[in-house]
Structures are given as structure tokens and as C-alpha cells.
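K.L.:
Once you've looked at the hints, dock chain L against the given chain G.
Protein sequences, first through last, are from chains G and L. Going by our numbering, the first sequence opens with residue 1, and the numbers climb by one from there. Going by our numbering, the second sequence opens with residue 1, and the numbers climb by one from there.
Please keep in mind that the hints were generated in silico from the structure rather than gathered at the bench. Be aware that a few hints might be false.
[As the list claims (entries may be wrong)] Calculated pairs, BS3-like style, for lysine-lysine (alpha carbon to alpha carbon, straight line, at most 25 Å):
no., chain 1, residue 1, chain 2, residue 2
1, G, Lys152, G, Lys92
2, G, Lys152, L, Lys108
3, L, Lys41, G, Lys219
4, L, Lys41, G, Lys92
5, G, Lys152, L, Lys22
6, G, Lys219, G, Lys152
7, L, Lys41, L, Lys108
8, G, Lys219, G, Lys26
9, G, Lys16, G, Lys26
10, L, Lys108, L, Lys22
11, L, Lys41, G, Lys16
[To be verified] Computed far set for chain G versus chain L, every beta-carbon distance over 12 Å:
no., residue
12, Val7
13, Asn73
14, Pro154
15, Ala159
16, Pro172
17, Gly204
18, Met205
19, Gly214
20, Leu216
Since this is a predicted model, take the numbers as computed values, not measurements. The C-beta atom is built at its ideal place from N, Cα and C for all residues, glycine as well.
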Amino acid sequence: MSQARLVEIETDILAKNDAYAMANRKVLAGLGAFAVNLVSSPGSGKTTLLCRTIEALGDQPLSVIEGDQQTANDADRIRATGARAVQVNTGKGCHLDGHMVGHAMAHLDIAPGSLLFIENVGNLVCPAGFDLGEDCKVAILSVTEGEDKPLKYPDMFTAARLALLNKIDLAPHCDVDLDLYEANLRRVNPGIEVIRISARTGHGMDNWLDWLSGSLTRKRGRAAAE
Amino acid sequence: MHEMSLCEGIRGVIEDQARAHKVDRITRVRLEIGRFAGVEKHALEFAFDVVMRGSVAEGAALVMIDLPGRAMCYDCMAEVEIADRLDPCPECGGGRLMPVAGDELRIKDLEVA
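This is chain L alone, in the form it adopts within the complex:
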């Protein structure tokens, strides 16, 4: 979606954290990305390398951890895990599902040298 802006957000958080922890080099960044976060991973990887240039995380490895998509079924009221946003309810086959988790976009941790 807007991988460049996301990476600028990541850079901002990393630079604040690096200052707070008095770190001058970050070697790995781990992100948690929900199934429905709308992130194009290849685009994010590309943008990450470009945006981190000149920062403490220049050349850092990027690891993306997938988080499952969960939704509430308005037909059987169960909370279910779905792989695709438009999947039917695995419990009752209903087609009216409201996502309750899976839009996460989080920096989990940083590996510092």
C-alpha cells in the first residue's frame, strides 16, 4: 500500500530507540505483520533498504513475522481464523465476517551490535 511511508515510520521509531538505548548500529529488525495489514512484502523489503540508508539501521536484515487474520462471524458469532479477507466462516459457512485481528504493523525487536 504505502510501503515507503511505513519505512519512514520504522526509521523514526528505530532512531528514537537507538538514541534512548545509546546504540549506534542495528543489525536486524523484526516486524510483526498481520495477515490483513495490506503490506506488500517485496515492496516493503525494497523500501526498507532504501529508507534505512544513512541511518543506524543501514544494511540491517529485515525479518517479517506473519500474524494470523481473525474475524467475528455475524452469522454464528464465533471468532474464527481466516487466511483470506473474503473467506467464508470455517464454522458455519457464513459470508459476513468482521476482522478483529490481523491488521497489526509492529516493530517487535531490534538486534543491536
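Isolated chain G (complex conformation):
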């Protein structure tokens, strides 16, 4: 009888996903395209905010990957703005992964120097762990969700570079302490940027559009330098 032996492997469990994500990142770097992974709870207003953003960006080239468990409703809403969009249905899955996004990117024919919005499945847990190859995660929270949301789901807000505090027009009606909301975001991620915004009234949209345009300019600059 042969003796048991050990095979040292020291491999990340998500190594396969990470390899797909790196391949996506390389494609995006070559194009000088800036990709945002939009993450949030269901109902935070992601799709409405994205529609308003696309309208405000006018004829600037961009594409959208929509992730949902079921239905093509969100991609239909995005296409109604005139933007190019691909819907990914994850079925039983609770998050988009690098492989799905790679396929979707291949269908989109992403323009050099353009923006790519990836709207993840509404879920504050799993999408935090799965790299898609994006430049950064942007978390969207609505004021109605409660100031302690960042403390309840710290991983997602630690992973995000920017938080959009959405539905700010509702703040006076729902006893929310916006400063406490921001303090809780900084408690789990001291470096996070925060923009208070309302997709409905347009409050804060300029700050968000400036942030996008600055990020895209830096990305294009890096692509040109290489």
C-alpha cells in the first residue's frame, strides 16, 4: 500500500475567475477604456441612475453590461437611451464573474477610449469577492436603506473606490442622518470617496460626471503612454 503524501499547491480558490478578470483588464487597458463595476442592493436605483448618466453623457461612446438573475428588463431600459447593452442572466448565480463579463465584452465591440458600465446583480455580498477586470467598483446606496448599511456589509464598501449616496431628494422625508451615513462608509473604508446624488432631480450629477471624465482621461493617458 502506498503511503499518503502531500501536494503543496498554494492556489487561490478564485484563481480561475481572477485569470478571466486579468484577461478582461488587459483588453480594456489596450483600448484605454474605463470600466466601472456598479454594485448595490436591489432597489438602490442603479438602473435609473445609469439611464440618467447615459443621457447626460450625450453622444459619448459607452457600453453597458447588465447583470440580473432573470429578465432582460434592465438591458431594454438601457437600450431605450440609445446605448449599446448586453444582458447577462446569471440564473441561480448571485454575482457576475470574469468569464461572463469576458463573453459580454466580446459581443459589445467596445470603442477605444470609451466608458464601460457593468451593472452587477443587486447583492452586497458575493459581487465583492469576484473580480471582473474592472478599473474600480462604485457602490450605490440609497438614503432609504439606513445609515448602518456600510457596517452591515463592510466588504463591499471596503472594495469600492466611490460611493454614490442616491435618492438624496428623499432624505428630508426619511429621518436619515447623511453625515452619519458618510462616517459609517469611512469607518469601513477610510479612503472611500462619496458623492451625494439624486438620479431623479439631478442633484450631484455634475460631480459624478466629472469623476467619470477624470477617471477616463487618466485611463486614456496610461494607454497612450504604453
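P.N.:
Below, chain L without anything else, positioned relative to chain G:
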């Protein structure tokens, strides 16, 4: 969080390794899991048994090794070990900590028959 997908990832890595090392049975799998990896251990154990069925690791023992959570304190700039994601800095009591380690999800080694 997504223990089923994690186990599918583990199965993928194990099957690749088993082929590479020409192994047809794995008796133990050791994982290293960081304090902040967000893994529910009972759920992972359950999913592991289910997902490994029909693979070279069917019936294998699962051992989970905990790795500590470490964070950088933005108030005193020390790198400290914390047990809970929302703990204050043990050095200065500050409340603005950025995790720097503890999100590991690694397969350390396999015991093969």
C-alpha cells in the same frame, strides 16, 4: 457568501492538480481562510461534500486553517491585528481601519492516496 461557487472553484483546481500529478484519489484538502474572507464555514463544509461527489476528492476530509485579519489604522498609521472587521485600533482606539490582510481564500495542500 457563495460557498457553492467557492467549492466549484476548489473542485476545478483539484481536478487540474490531480491530472498534473497523475493522482486518482485525494483524501484531505487543506484550505487557508482569512478572517475577513466572508466564508461561512458550516456552509462551506456542506457544499464541499456535495460538490466533490464524483470527483477525485469525493469523501475527502476538509481542513480549514484560519489566517488573522490585519488592518492599517488611518489614525496612528500602525498595522494591527483585529479579530472583527469593525473593531477599533488596539493601539490608539481609532475607528478608521483599512484591511490589509485576511481576505485569503487559498488551497494550501492536498493529501493524496
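K.L.:
So, for every hint listed, does it hold in this structure?
P.N.:
Results of checking the hints against the structure:
1. Straight-line distance between C-alpha atoms of Lys152(G) and Lys92(G) comes to about 24 Å, which keeps the hinted pair within the 25 Å bound.
2. For the proposed pair Lys152(G) and Lys108(L), the alpha carbon gap of about 30 Å is over 25 Å, so the pair is violated.
3. With a C-alpha separation of about 40 Å, the suggested pair Lys41(L) and Lys219(G) falls outside the 25 Å cut-off, and the hint is violated.
4. Taken as a hint, the Lys41(L) and Lys92(G) pair is honoured in the structure, with Cα atoms around 21 Å apart against an allowance of 25 Å.
5. As the CA atoms of Lys152(G) and Lys22(L) are separated by approximately 45 Å, the hinted pair breaks the 25 Å bound.
6. Proximity of Lys219(G) to Lys152(G) is assessed by CA-CA distance (about 33 Å); at most 25 Å being required, the pair is judged violated.
7. For the suggested pair Lys41(L) and Lys108(L), the alpha carbons sit about 16 Å apart, so the restraint of at most 25 Å is met.
8. Between Lys219(G) and Lys26(G), the direct Cα distance comes to roughly 12 Å. Compliance with the 25 Å bound is thereby established for this hinted pair.
9. With a C-alpha separation of about 16 Å, the suggested pairing of Lys16(G) with Lys26(G) holds against the 25 Å cut-off.
10. A hinted pair counts as satisfied when its Cα atoms are at most 25 Å apart, and Lys108(L) with Lys22(L) qualifies at roughly 19 Å.
11. Of the supplied pair hints, the one linking Lys41(L) and Lys16(G) holds, its CA atoms being roughly 22 Å apart against a limit of 25 Å.
12. A beta-carbon of chain L is positioned within 12 Å of the beta-carbon of Val7(G); the least distance is around 5 Å.
13. Against chain L, the non-interface label of Asn73(G) holds: every CB pair exceeds 12 Å, the least being about 24 Å.
14. Listed as outside the interface, Pro154(G) is inconsistent with that label: its C-beta sits roughly 5 Å from the nearest C-beta of chain L, within the 12 Å cut-off.
15. In this structure Ala159(G) is not separated from chain L by more than 12 Å, as the shortest Cβ-Cβ distance comes to only about 9 Å.
16. The beta carbon of Pro172(G) sits about 28 Å from the closest Cβ of chain L, which is more than 12 Å, so the claim that it is off the interface holds.
17. For Gly204(G), the shortest C-beta to C-beta distance to chain L comes to about 24 Å, beyond the 12 Å cut-off, and the non-interface label holds.
18. Chain L leaves Met205(G) outside its interface by the beta-carbon criterion, the shortest separation being 29 Å against a cut-off of 12 Å.
19. The non-interface label for Gly214(G) is consistent with chain L: the shortest C-beta to C-beta separation is roughly 23 Å, beyond 12 Å.
20. Once the 12 Å rule is applied to beta carbons, Leu216(G) is consistent with being away from chain L; the minimum gap is 26 Å.
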